Amino acid sequence: NAGVTQTPKFQVLKTGQSMTLQCAQDMNHNSMYWYRQDPGMGLRLIYYSASEGTTDKGEVPNGYNVSRLNKREFSLRLESAAPSQTSVYFCASTDGGGSGNTIYFGEGSWLTVV
Amino acid sequence: GDSVTQMEGPVTLSEEAFLTINCTYTATGYPSLFWYVQYPGEGLQLLLKATKADDKGSNKGFEATYRKETTSFHLEKGSVQVSDSAVYFCALSDGYSSASKIIFGSGTRLSIRP
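Protein chains in written order, with this note's numbering: chain A, 3 to 116; chain B, 658 to 771.
Don't take each hint at face value.
[As the list claims (entries may be wrong)] Calculated Cβ distances over 10 Å to all of chain A for the following chain B residues:
hint: 1; residue: Asn679
hint: 2; residue: Glu699
hint: 3; residue: Glu726
[To be verified] Below, a list of computed lysine to any residue pairs in the SDA-like style, where the Cα atoms sit at most 20 Å apart:
hint: 4; chain 1: A; residue 1: Lys11; chain 2: B; residue 2: Tyr696
hint: 5; chain 1: A; residue 1: Lys11; chain 2: B; residue 2: Pro697
hint: 6; chain 1: B; residue 1: Lys713; chain 2: B; residue 2: Thr728
Source of the hints: derived by calculation from the structure; they are not laboratory data. Nothing here was measured: the structure is a model prediction, and the numbers come from that model. All C-beta atoms, glycine included, are put in the ideal place defined by N, C-alpha and C.
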């Protein structure tokens, strides 16, 4: 029972390098999200996708791009990594059919930018 | 905009103590409310939820009641165990946007002493 799968789990980047975090869910969910988690800041929404083919900015979108490749997959790209993007990144999904739906999280991707 | 405020941690208790973690929210309309738990090195997982006023969510001995009059959703447990040590997040879902954006509090770290 995979749920939400994200890769890679750990990554170290040099400033200015680019990378893509991959996320896939096998629950046939409509909505997918990318969050970042920083100490004392809780989770902050980067981008979300309400359904296949749509994406919208969240609270902290600067420096990131996303692609909803299909219903299963939602990737997050850092075009030119900066030390301020050192964080733990979580992908999540939900059915999105109503406000009471549970959101399911991946296990997280630890990214360090040096 | 919508927001969630929860008590700052860390909270340290002895085993079998009574736990309360306060959570208040600001929202237009009638959001759904959630408590998520994050164990070390893992993603968030749903602990309990309530979708309308006066509903009580419960799971694993934890309870929270949706209080519209005080805009609160405090988490309680009568007798905590060492295994309850984790970070707890209060969250709301607005239910208005097509993606039903989920907004998280900053998290409360709970440590239980044997």
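For each hint, the structure was consulted:
1. Every C-beta of chain A lies more than 10 Å from that of Asn679/B, the closest at about 15 Å, which supports listing it as non-interface.
2. With a cut of 10 Å on Cβ distances, Glu699/B falls inside the contact zone with chain A, its closest approach being about 6 Å.
3. No Cβ of chain A comes within 10 Å of the Cβ of Glu726/B; the nearest lies about 20 Å off, and the non-interface call holds.
4. This hinted pair checks out: Lys11/A and Tyr696/B have alpha carbons roughly 16 Å apart, not beyond 20 Å.
5. At most 20 Å may separate the alpha-carbon atoms for a hinted pair to count; Lys11/A and Pro697/B meet this at roughly 14 Å.
6. Note on Lys713/B and Thr728/B: the hinted pairing holds, with a Cα-Cα distance of about 14 Å set against a maximum of 20 Å.
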